[in-house]
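Chemist: Model the full assembly from the supplied sequences, consistent with the hints where possible.
Residues per chain are reported as follows:
4 protein chains.
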Amino acid sequence: MSVPARRVLAEFIGTAFLVMAVVGSGIMASRLSPDDVGLQLLQNSLATGAALVALVVALQPVSAAFNPVVTLVERALGMIDTRTAAALIAAQFLGGLAGTVTAHLMFGLDAVTFSTRERTGTGLWLGEVIATIGLLLVIFGTVRSGRAEQVAFAVGGYITAAYWFTSSTSFANPAVTIARTLTDTFAGIAPASAPGFILAQLAGGAAGYALIRVLYPTLADSPAAIAATRKVLS
Amino acid sequence: MSVPARRVLAEFIGTAFLVMAVVGSGIMASRLSPDDVGLQLLQNSLATGAALVALVVALQPVSAAFNPVVTLVERALGMIDTRTAAALIAAQFLGGLAGTVTAHLMFGLDAVTFSTRERTGTGLWLGEVIATIGLLLVIFGTVRSGRAEQVAFAVGGYITAAYWFTSSTSFANPAVTIARTLTDTFAGIAPASAPGFILAQLAGGAAGYALIRVLYPTLADSPAAIAATRKVLS
Amino acid sequence: MSVPARRVLAEFIGTAFLVMAVVGSGIMASRLSPDDVGLQLLQNSLATGAALVALVVALQPVSAAFNPVVTLVERALGMIDTRTAAALIAAQFLGGLAGTVTAHLMFGLDAVTFSTRERTGTGLWLGEVIATIGLLLVIFGTVRSGRAEQVAFAVGGYITAAYWFTSSTSFANPAVTIARTLTDTFAGIAPASAPGFILAQLAGGAAGYALIRVLYPTLADSPAAIAATRKVLS
Amino acid sequence: MSVPARRVLAEFIGTAFLVMAVVGSGIMASRLSPDDVGLQLLQNSLATGAALVALVVALQPVSAAFNPVVTLVERALGMIDTRTAAALIAAQFLGGLAGTVTAHLMFGLDAVTFSTRERTGTGLWLGEVIATIGLLLVIFGTVRSGRAEQVAFAVGGYITAAYWFTSSTSFANPAVTIARTLTDTFAGIAPASAPGFILAQLAGGAAGYALIRVLYPTLADSPAAIAATRKVLS
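First to last, the sequence lines map onto chains A, B, C and D. Going by the working numbering, the first sequence opens with residue 2, and the numbers climb by one from there. Going by the working numbering, the second sequence opens with residue 2, and the numbers climb by one from there. Going by the working numbering, the third sequence opens with residue 2, and the numbers climb by one from there. Going by the working numbering, the fourth sequence opens with residue 2, and the numbers climb by one from there.
Since the hints were made in silico from the structure, they are not lab data. For glycine and all other residues, C-beta sits at the position ideal for the given N, C-alpha and C. Be careful, since some hints might not be right.
Every beta carbon over 12 Å from chain B, so not counted as near; a handful from chain A, in silico [said to hold, decoys possible]:
#	residue
1	Ala-11
2	Ser-34
3	Gly-50
4	Leu-203
5	Ala-204
6	Arg-214
Per label pair, the in silico range of CB-to-CB distance [as the list claims (entries may be wrong)]:
#	chain 1	residue 1	chain 2	residue 2	range
7	A	Gly-122	D	Thr-121	56 to 64 Å
8	C	Ala-191	D	Arg-32	19 to 27 Å
9	B	Pro-218	C	Thr-114	56 to 64 Å
10	D	Gly-79	B	Arg-7	43 to 51 Å
11	B	Gly-109	A	Gly-122	48 to 56 Å
12	D	Pro-35	B	Pro-218	50 to 58 Å
13	A	Val-113	B	Gly-109	46 to 54 Å
14	B	Pro-35	D	Thr-83	45 to 53 Å
15	B	Arg-7	D	Gly-122	33 to 41 Å
16	B	Gly-109	A	Ala-191	38 to 46 Å
17	C	Val-38	D	Thr-121	32 to 40 Å
Partial chain D-side listing against chain B, Cβ under 7 Å, derived [stated by the list, open to error]:
#	residue
18	Thr-83
19	Ala-91
20	Thr-143
Modeler: Take a look at the structure:
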């Protein structure tokens, strides 16, 4: 199998496991701790963050965006070409759907159940803008400063936290958002609420891209980046 | 003591501690938080994941599969020979039994009590298939891409998450499954339910092996990565 | 944008996200788990620590003190000049305010609401002294011994723990303290209580600085340590 | 200040912060979550493990055993001389006492209150033996295989887990045990129960030492691993 095909497969598998982590842990949490929604979100957020650490460590050397906004920013930064980006994004959406269906089958639910949970309003949309800016800052800040081997831990920590500090519980990912419209469980989002979330994520993506260009104008091997890094040690 | 004997001992000790972590933390959790099963699983999953980080960091340079499916895949990939695999797997099963007995004695229980907790059904079996595929992907994806020193964190994160996102709470390990038949506590599984779980784990093992061959057809190809990987595996 | 301007921006953005993590997760926690303050603090402390891991990993190569006391100690150690320190500290205070306002808007609250939560007394002030000494010890001990790439994990772990083991829940940061006067939510502190906290933080800063000078009189001076440090940056 | 004096100070400060983390988080947990002892132990165990990550990362390059049994094993392995070991152990006991007193003063309690909590019985003593064997295996396995820079994470993970999987909640440290006799709070142990715990820890220390000699008969034998290990230990 050629390298691009491996990358497409890695995005499919990784996004499927990510959505399984989000949806499956939400089902388990609401079944086992029915009396405290905060405890459910704690279980859901720790499971998601821990899964991200594992998935990014294992799949990053092949391909591990799992997120169309991240892939679009990689395209905008010239890291990949348009055709590759399109293929990876398609794999992310399909992987997300596979993740929801697999989670449902594991837990004895119908393969697909449309969510009835509305998530709308300016507060939540601002939450998604902020969540996406932060995610991009964490991913590309880490990579562009030459710490690619720490991305998994930064992303896992960020998402665990952002479940709590953003009002929207930080979807920050269009593929995961679509996948979550298909589950009428803890992690679900009503299909009618998805466009608002995705538009907010794209807006956050544009803002995050601009911020990255300002904070990290070049990859780590520029003299400026090296000098800035050296500062920390002196 | 020759290197192979050290490896056998490391598998025995490591699997014993892993099963102690699973069984012991389950006993403690159900005693101290009797009113919320979800809180018990949170305690159980965090303790198991944290123990795995420690055990894999400390024992990986000797031998740290702790899992017959992992050892079988190592054999299939040509990393070890058949006799070594057989010895390691025997040590894993014996270590698991020692872990259950030790946990029971620490908590003042009879050395062995057969579990009465049935765990059956296609949903749970699918959970074990998925759990095992994911575990193999995380372990071998990490090692084969030259990140062997991060395996402990990836595995610890994965298992913590998979307790939550798989319907079966992710046993994913035949030696641990057998050891858990011998404890009529939180982590137990009725002996009659064990064959179904183990068959599902083996099926997941076969699927995971195929996936690894596709995603990581070769070891990481930089000389440093290969050297690092080889050192850990030898 | 020149390097110093990037540093100012990084301090602004990073402190804003840190305060969002503190304030936002406190709002979410008290809304979702209203019956158990300890569970709220667990959610709040894990979110804050996890956010710190992400923010420090991503922003450290540009600038990631997020804390005037830390910046003052950097100045005292000769790592930065006075003008840079002043600019970074200003950015931290402004970033903190932006963080509170953004958290409020995300959660549908007024932009600013003065806290009514009094936090005074010698026990709490001692808590802040201890919390700040420990934070400085962790940051500068790690950096000065050539482990700069592990600062994020050390700081994240320390703050998660210090929320619990200090009576004051470890503010340990004047910019964050001021930002928390502007939120009448879980993480708030009454404006009248802020001066006592900040004085205690400055006292802890002086004590921490002295301790660092004794424990780490020089940068890691063995050739191996220097080589290891350089390797991370190269 | 000469290097040995720095080491003594590091052991004093580090053990004081470790005991503060244990005792202080126990006080906070029992005050804020009075209705669920399991939730208290979760808060206590996560705070302790997170503090250990920070303290070991920051202090390991100076000295970071914080535990007389660990120091005794270092002596038995020839890593330090008898006089140094005695000085470090004295600092650990004194640091532990300082930690309890400081925690009490932060939380508005009398400086010292003898614990009335009995902890006796063969199950608990076996728990301490197992806890100490595991701790030594994790520390020395990690260091002797050339992964000294990961000790902090391994130890933090191990202790978090061992709070749950050992019946004794894993004191595993004579200096911390003595310090915990002086606090009639969540983490306390009645003075009359301390000798049994300490004897069990010493027995576990002897068994752990033997196990390390078998599993890791030599230091990691690559030059880089040896250099890295020696650097940390020197």
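Chemist: Each hint should be assessed against the structure and marked as holding or not.
Modeler: Results for each hint:
1. Ala-11: About 6 Å separates Ala-11 (chain A) from the closest Cβ of chain B, which leaves it inside 12 Å; violated.
2. Ser-34: 3 Å, violated
3. Gly-50: 8 Å, violated
4. Leu-203: 28 Å, holds
5. Ala-204: Label holds. Min Cβ-Cβ 30 Å, cutoff 12 Å.
6. Arg-214: Holds, because the least Cβ-Cβ distance between Arg-214 (chain A) and chain B comes to about 29 Å, which exceeds 12 Å.
7. A:Gly-122 - D:Thr-121: 56 to 64 Å: This hint holds: roughly 58 Å between Cβ atoms.
8. C:Ala-191 - D:Arg-32: 19 to 27 Å: Between Ala-191 (chain C) and Arg-32 (chain D), where Cβ atoms are some 20 Å apart, the hint holds.
9. B:Pro-218 - C:Thr-114: 56 to 64 Å: With Cβ atoms ~58 Å apart, the hint holds.
10. D:Gly-79 - B:Arg-7: 43 to 51 Å: 21 Å, violated
11. B:Gly-109 - A:Gly-122: 48 to 56 Å: 54 Å, holds
12. D:Pro-35 - B:Pro-218: 50 to 58 Å: 57 Å, holds
13. A:Val-113 - B:Gly-109: 46 to 54 Å: 48 Å, holds
14. B:Pro-35 - D:Thr-83: 45 to 53 Å: Hint holds: Cβ distance 49 Å, inside 45 to 53 Å.
15. B:Arg-7 - D:Gly-122: 33 to 41 Å: Holds, since Arg-7 (chain B) and Gly-122 (chain D) (Cβ atoms, about 35 Å apart) stay within the stated range.
16. B:Gly-109 - A:Ala-191: 38 to 46 Å: Violated, since Gly-109 (chain B) and Ala-191 (chain A) (Cβ atoms, about 51 Å apart) do not stay within the stated range.
17. C:Val-38 - D:Thr-121: 32 to 40 Å: 33 Å, holds
18. Thr-83: Because about 27 Å separates Thr-83 (chain D) from the closest Cβ in chain B, which is outside the 7 Å limit, the hint is violated.
19. Ala-91: Violated, about 28 Å.
20. Thr-143: 5 Å, holds
When the structure is compared with the earlier hints, violations turn up for hints 1, 2, 3, 10, 16, 18 and 19 and for no others.
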